[in-house]
Amino acid sequence: METSELLKKVRKIEIKTKGLSRHLFAGEYHSAFKGRGMSFSEVRDYQYGDDVRNIDWNVTARTGDPHVKIFEEERELTVMLLIDISPSSFFGTVNQLKSEMITEICAVLAFSAINNNDKVGVAFFSDHVERFIPPKKGKQHILRIIRELINFEPSGKGTDIGATLEYFNNLVKKRSICFIISDFLSMGYEQPLRVAARRHDVIGVNLIDPREEELPNVGLLRAQDAESGALQWIDTSSRQVREAYANWHQEHLGYFSSTFRKSGAAAMNIRTNESYVDALHQFFQQRR
1 METSELLKKV RKIEIKTKGL SRHLFAGEYH SAFKGRGMSF SEVRDYQYGD DVRNIDWNVT
61 ARTGDPHVKI FEEERELTVM LLIDISPSSF FGTVNQLKSE MITEICAVLA FSAINNNDKV
121 GVAFFSDHVE RFIPPKKGKQ HILRIIRELI NFEPSGKGTD IGATLEYFNN LVKKRSICFI
181 ISDFLSMGYE QPLRVAARRH DVIGVNLIDP REEELPNVGL LRAQDAESGA LQWIDTSSRQ
241 VREAYANWHQ EHLGYFSSTF RKSGAAAMNI RTNESYVDAL HQFFQQRR
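In case it helps, full-length UniProt numbering puts the sequence shown at residues 1 to 288.
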C-alpha cells in the first residue's frame, strides 16, 4: 500500500475510534477494569483483623513475629491485544471485512487504554505469532499499531490460538487485560486458555460474518478456503449441504462459548452486520 494511502486510512480510523474511546467508552473502560488488579506494596506487622491468608510465612519465620503482605490496587494496567490476522479475517459479505472491524475494535480499546494511562501491547498471529509489539503508552504507539493492522501481510496460512496463548503465557508474566480478537474458527486451545485466565483478565472477542452462520441457496458455487487455498464446488441448493455447513459453524461457536466459560474467561460475539459499538457498550456495562 502506498504511504499516502496508508496514512489516510490511519487518520480516518484515528478520528473515528479516538472520538468513541474519549466520549463513549472512557468512563465505562475505567469502571470495567480499574482496580481489578492488585499489586504487592509492603510487609508489616500482623494486626488484629488482618486476613490470615495474607500472612508472609517467610518473614514471620525469620523474625519470629507474624507479618502480613499488603496489596494495593494497580493504578497502571497493561492491555494486551492478541489479534488474528490469518487469511480468514479478510472475509466479509456485508458492511465490512472482519479485518476492518478488528482494526477499529483494537483502535477503540487501545485509545481507551491510553486515555486511562495504561500500556498497550500487541501480538499479531496466524498459525504462529507473526509479530510482537511490547506494551507502551502514547498516541504514536497506538498509531503504529493501527498502521501495522492495516498493512501487515501474514506469512502463515492457518490459525493457531493455542500456540499464541502459549507464547503469551510464557512472555507476559505480569497480570494484564488480554483481549483475544479472532473469528475463532480453530479449536484445541482449552489448556493454554485456562492457564492464561488464571493469571490474566482474558476476554475473547469473536467476529462472525452472517454468511458463516447460514449458507444461501444460490445453486452451484465454487468456493476457496481462505487458509488452505483449496478450491471446491458446493451445491448450495442441497438442504443437507446447508445444514452441514450451519452445524459446522454452530460447533465452533459452541466450542468458543463453552471453552471460555469453563476457563473463567469472558467472551463476546460481534457480527459484522451489527454495531461493534453497541456490543462493546453492553460488555462494559455488564462488568461495572
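Careful: at least some of the hints might be erroneous.
PhoX-like mimics (lysine-lysine), calculated; alpha carbons at most 20 Å apart, straight line [what the hints assert, rightly or not]: (1) Lys-18 - Lys-174; (2) Lys-139 - Lys-157; (3) Lys-174 - Lys-137; (4) Lys-139 - Lys-9; (5) Lys-18 - Lys-173; (6) Lys-137 - Lys-69; (7) Lys-69 - Lys-119; (8) Lys-174 - Lys-136; (9) Lys-262 - Lys-139; (10) Lys-262 - Lys-69; (11) Lys-119 - Lys-8; (12) Lys-173 - Lys-157; (13) Lys-157 - Lys-174; (14) Lys-69 - Lys-9; (15) Lys-12 - Lys-173; (16) Lys-157 - Lys-137; (17) Lys-174 - Lys-16; (18) Lys-174 - Lys-69; (19) Lys-119 - Lys-157.
Worth flagging that the hints you see were computed from the coordinates, not collected in a lab.
Contradicted hints - numbers only: Of the numbered hints, 1, 2, 5, 6, 7, 9, 10, 11, 12, 13, 14, 15, 16, 17 and 19 do not hold.
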